[in-house]
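Engineer: As a plain string of letters, each chain reads:
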Amino acid sequence: MAVDSSRSLAKAADAPGARGRGRRTGDTGKTPGRLRRSLSTHWYAWAMVAPVVAVIGVIIGYPLVRGLYLSTTDANEANVERTIGMNHIPATYKSVGLDNYTAVLSDGIFWDRLTWTIVWTVSCVAISFGLGLVLANMLNRKLAGRSLYRMALILPWAVPAFVSVFTWRLLFNEKNGILNKILAGGGIDAIPWLNDPTWAKLSVITVNVWLGVPFMLVAMLGGLQSIPGELYEAAEMDGANAWQRFRHITLPGLRTVSSTVILISGIWTFNMFPVIFLLTRGGPGDATEILVTYAYRLSFVVSPRDFAGSAAWGVIILALLSLFAVVYRRALRKQGEVW
Amino acid sequence: MTTMTDTNTPSTPSTPSTPAKTPPPSRPRKTRARGERGPLASVALHAALLIASATAVLPPLWLLVTSFKPTSEAFSTDLVKDFTFRNYDHVVNDTEFLNWLGNSLLVVGLTTVIGVFISATTGYAVSRFKFPGMRPLMWLLLITQMFPVAVLIVPLYNLLASLGLLNQPVGLVVTYLTIAVPFCAWMMKGYFDTIPVEIDEAGRVDGLNPFGTFWRLIVPLAKPGLAVTGFYSFITGWAEVAYASAFMTGEENLTLAGGLQTFVNQYTSDWGSLTASAVIVAVPAAVIFGFVQRHLVSGLTAGATKS
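Heads up: the protein sequence lines correspond to chains G and E, in order.
Under numbering that gives the first Met the number 0, the first sequence is numbered contiguously, ending at residue 338.
Under numbering that gives the first Met the number 0, the second sequence is numbered contiguously, ending at residue 306.
For the record, the hints were derived by calculation from the structure and aren't laboratory data.
Backbone N, C-alpha and C fix where the C-beta goes; we use that ideal spot for every residue, glycine too.
There may be inaccurate statements among the hints.
According to the in silico footprint, chain G covers these stretches of chain E (three or more CB under 8 Å from chain G) [unchecked claim]:
#1 98-112
#2 135-141
#3 168-179
Using the sequences plus the hints, can you model the full thing?
Structural biologist: In structure tokens form, the structure reads like this:
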């Protein structure tokens, strides 16, 4: 797809391009000439990406470096630079090397949170992907009321996530929520949806799946529509049954879409802050606290705020995610994905 | 949920449907065109879809119903007995809700406009040109998408504090750009990849410079993609909780996500106000969603399949 900018420019005989080429032939010193040439042929490409690079550099690059640094100190609320009234108090935290990391990694809390985060991510992605795939296959055929179904199924995506989470809190309310009232009608005792560690875990997964299915559904529908119908006709001629057609045409045809979608939603779910923060605040106790919300709690909820510990958690989370992305990409490439 | 597999089964063993064979006259009822279902399969399909749709629709619907009930009856299982607009009246006139709405609109509007513009130029550059630094840039865009809030939030908090941008909409806008832009740029790249390069070349031949080509030829063609990108930026900002809760304090500075939390917390549970304001928040978002959802499918998959 990408046209080499220097070639297309030369083709169009654009003024800066022509000048750049002229200079190169005149130049004997190789490196500065090449630099100038690439500047004159690529300057507009660079100009186009410059705003994004600048924003990312300032707002992600700087804090990232700063976060890495903080994670090797003992910074907390009490010793960072701050201004109280007229008094300016300079920072007094000092470097502690990798102590924060050893502290985090040798702490049972981290491994508990990590286990739960993995359970949470895998089950959310697997369930919502499965449901999305099934529903997309159901919708991708001639069907009365098809667009109506589609609208209904996409609705959870259209409502802002935090609104939905509040709605679910309303439904899950232990004493008066409608779910428990319906159960009571059937003679079943009230379920402590958000107040019992196990039920709370099931509840947050349910809500996140509910929120995540529409994205999967839409992506899968798009993927299904890009599979040529002739393949199905041919397979049917050859006597393949519905399952075989699904297994050998639909699934391979969806592979590119699904791999991207699983990667993206895996990362999103791993970092899913609002659902857990707003539904249970990580509670009861810290039963539903995933890594991200726990790190947030360290720096904004507990007192004194533990900035260094939180930064160390953040760096570890980032390392885990990068590892995941690299392994995943490598696995895909082995299967012949070109990227 | 397993109906997907058996919906088509009745039609598959029907060898008569293949055009090569003439159907034996003894079994006329077996002739069923390809892709047609038996009545049983149809019923199962509709039943499954109805259950799924009901699950999807009921929670928002219940929110709507509850918002019209007096606060004291917020948890009654009846449909509305005493229909009332009191919750809406209270939210709009007696709380800071309109302030929060204004803050959110300002932040999200700026994020969307700026985000769409810069992710479109980036997506275009990445899609059309090979330039030094392109691959690192694509990796950067991919990797920034998975940056956890936790690693950035404290340093970012300090950075904004030192720039005096805490409690300022601008601070949030810049923060949201970093969340929205990487994904949007990927999506726009996927979309631009589907627009034939010949159009660019024609533009060049006619004497347009690269910016002119982009602005006068490609942008008009990419409107669906831009709509999706804009929508994504909009949703990202509209629904963001972590940064908004941390960076905005003081009741009048909150955005919606932060403000709504003040209705129901460990001290109060004003479900009437919460539901009413939630409805006011959700309706415009859902309407906009309705307009772009058609493009959403093509935009997302273009981004996804071409990645």
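Engineer: Does each hint hold? Answer for all of them.
Structural biologist: Right, here's what the structure says about each hint:
no.	hint	in the structure
1	98-112	violated (count 0)
2	135-141	holds (count 4)
3	168-179	holds (count 4)
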